[in-house]
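Engineer: Residue strings, one per chain:
2 protein chains.
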Amino acid sequence: MDLLENVVGMVVVEVEVPPAVAVLLGVAGRRSRHHLPHTLPHGAPGAALSAPFLPQALNELALGSPSLVVLPLDVTDAGSIGAAAGQVQEELRGAGLGLLINNTGARRRSTLETETAENMALLYATNTVGPLQVTQAFLPLLREAAEAGRGQGLSCSRAAVVNVSSAMGSIGVAAAWGDAQDISYRCSKAALNMLTKCQALQYGDSGILCVAIDPGCVEPAPGRESGPVTMEESTQGVLRVLAGLSASSNGTFWDWRGQRLPW
Amino acid sequence: MDLLENVVGMVVVEVEVPPAVAVLLGVAGRRSRHHLPHTLPHGAPGAALSAPFLPQALNELALGSPSLVVLPLDVTDAGSIGAAAGQVQEELRGAGLGLLINNTGARRRSTLETETAENMALLYATNTVGPLQVTQAFLPLLREAAEAGRGQGLSCSRAAVVNVSSAMGSIGVAAAWGDAQDISYRCSKAALNMLTKCQALQYGDSGILCVAIDPGCVEPAPGRESGPVTMEESTQGVLRVLAGLSASSNGTFWDWRGQRLPW
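Line by line, the protein sequences are chains A and B.
Counting from 1, position 44 in the first sequence corresponds to residue 44 in the working numbering; the numbering is continuous, with no gaps.
Counting from 1, position 102 in the second sequence corresponds to residue 102 in the working numbering; the numbering is continuous, with no gaps.
For the record, the hints were derived by calculation from the structure and aren't laboratory data.
Hints should not be assumed to be uniformly reliable.
[To be verified] Covered stretches of chain A (in silico footprint by chain B; criterion: 3 or more residues with CB under 8 Å from a CB of chain B, positions within the stretch not fixed):
1) 79-85
2) 117-125
3) 132-143
4) 172-179
5) 255-261
Where a beta carbon is used, it is the ideal one built from N, C-alpha and C, also for glycine.
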C-alpha cells in the first residue's frame, strides 16, 4: 500500500530575489497540495512555468503565484536531477539558492515479518539517495548564496539544506511503533538523518546550515477527517523552527513544535 | 576501492548443542580470518562441512574444528539465505539457534562529493537489507532457542541477534569523520541501527535479545601493521560485552570496550 508515492515530484522555485529562493521537491503527494502554499518562506508574485502533467492543485498554485517556477523532477534519476538544477540555475540568473527543502518521500506499510528487499531499496532510493544527489546537484547554487551572505552566521535566510525526516526515523524515539512498523520507511529516514549530519559537518564551514525536521503527521488515519497534526499547525510550526535556526543548530533534528529530537 | 567486500560470505555454525549455537555471516574479508576462531562463544570440536570456494584460512579452521559447519551465503540473495537457513535447520536436528551474529559488511571509500547512487544501493543491500532478511529466515530457529529457555531473562546464552555495526554509523558520534567520510557506509550502518531497534521492540517479548555492536577498527591504515584496535582486543571485548547483556540491554548499541554508544 502506497501512502506517499511521489518519486516523480516537482521542483518549485520561488524566483523573487532578494530575499532567498526556496526549492521544494517531490510535491505530488496529497500532503504537498496543502503544504506547498504555506511552506515557501515568502508570499510571492512573479512569473510561473508549469508542466502539463502537474497535479491540478499545483498547476493552480503556480498560475496564481507568478513568482513560482514549477519543474518536473524524478529524485531517483540523476539525469532528471541535473536537468532540474540546470533549469533552476537559468531561472536564478546568477543569484544563489538560499534554501533547499528535500521534501520528497515515499512510504510503504510493512512489518518486520512482511518487509521486502524491494521496498527497502525503493524507499532508500527515494528518501535517502534522492536527497543526497539533489543536494550534490544544487550545491553550487547553495554555495553562491552562502558566499553572498559572507560574514553572516549560519541561518535559513543565508543558505540551508532542510531534509524532511520523521520522528519515526528517530532510533531513540521510534515514534508510533504500535501503529506502524514500516521498517523500510524508518530505516530510510534514520539513514537520511545520518546524511544530514554528514552534510552539516561538511557544508557548515562553507556557510550552509543543514538540519533534519519532522513536520508531524498530517495524514488522517482511516475514517478520520484530519491527522494528529493539522496542516496549519505543521506548516506554521516548521516555518517557525526554520526561522529560529542558527550556527548552533547545524546538524540537528527538530520536530514541527520546535522540540529537539534524539537521533 | 573496496575495503571489506564480502557480499558472498559464509555461515559458520557451531553445532555443539548444548549450549547455544552460533552463526556468523559474511566472513570472507581479511578481518574475519582472525575474528572467526575467537568470536564463536564456545571452543568446539565436532564435524566440519566445507565448501570448495572457501578462503584457505576458513577451510583450515573448519577442518581443525569439527563442530563447525561452514555454508556458502549471499546475503543479497533471498534464495541463498533461505537455502542456508534450511541447511542450518537440518544440522541442528530440532535444536534452536541461540545466537545470530550478522557480521556481513561491505564498505566503500567516498566523500559527499563523490558518493554515488550505485554505492549507496550496494552497501544498503549488504549492510542493512541483508541482516533484515537473514534474521527473517533464521527467526523460527531463534524462537525455538528462546522457547527452550522460557523462564530465563533475555541474554546471549538464551537467544539473541547481534548486528555488527560501527561507531561510524552513530549519528551522534560520527566517528572518524576527518579520516573517512564514507557516506554510503555510514548511512547503511545508521539504518542497521534502526533495524536493530525495531527488532528489539518486536522480538524482545519473544525472548530474543537484539543489539548492535561496534567491534572497533582492526584494519590497518596504509603503511601500518595493525589497526587502532588489535584483533585480540576487539574479539575479547566483543565476547565480554555479549556475555554481559541482559533484558535492560535490549535495543542498545555498544562498542567493543563495553561503552554504550549514542544512536
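Engineer: Could you run down the list of hints and mark each one as holding or not?
Structural biologist: Taking the hints in turn, this is what the structure says about them:
Counting residues of the stretch 79-85 of chain A whose CB lies closer than 8 Å to any CB of chain B gives 0, which falls below the minimum of 3, so the coverage claim is violated. Evaluation of the coverage hint for the stretch 117-125 of chain A: fulfilled, as 5 residues show C-beta separations to chain B shorter than 8 Å, against a requirement of three. Interface restraint, the stretch 132-143 of chain A with chain B: holds (3 residues with C-beta to C-beta distance below 8 Å; minimum three). Beta-carbon proximity to chain B at under 8 Å applies to 3 residues in the stretch 172-179 of chain A; the threshold of 3 is reached and the given coverage holds.
For the stretch 255-261 of chain A, the assignment as covered by chain B is violated, since 0 residues bring a beta-carbon within under 8 Å of that chain's beta-carbons and 3 are needed.
Hint check: violations occur at hints 1 and 5; the rest are consistent with the structure.
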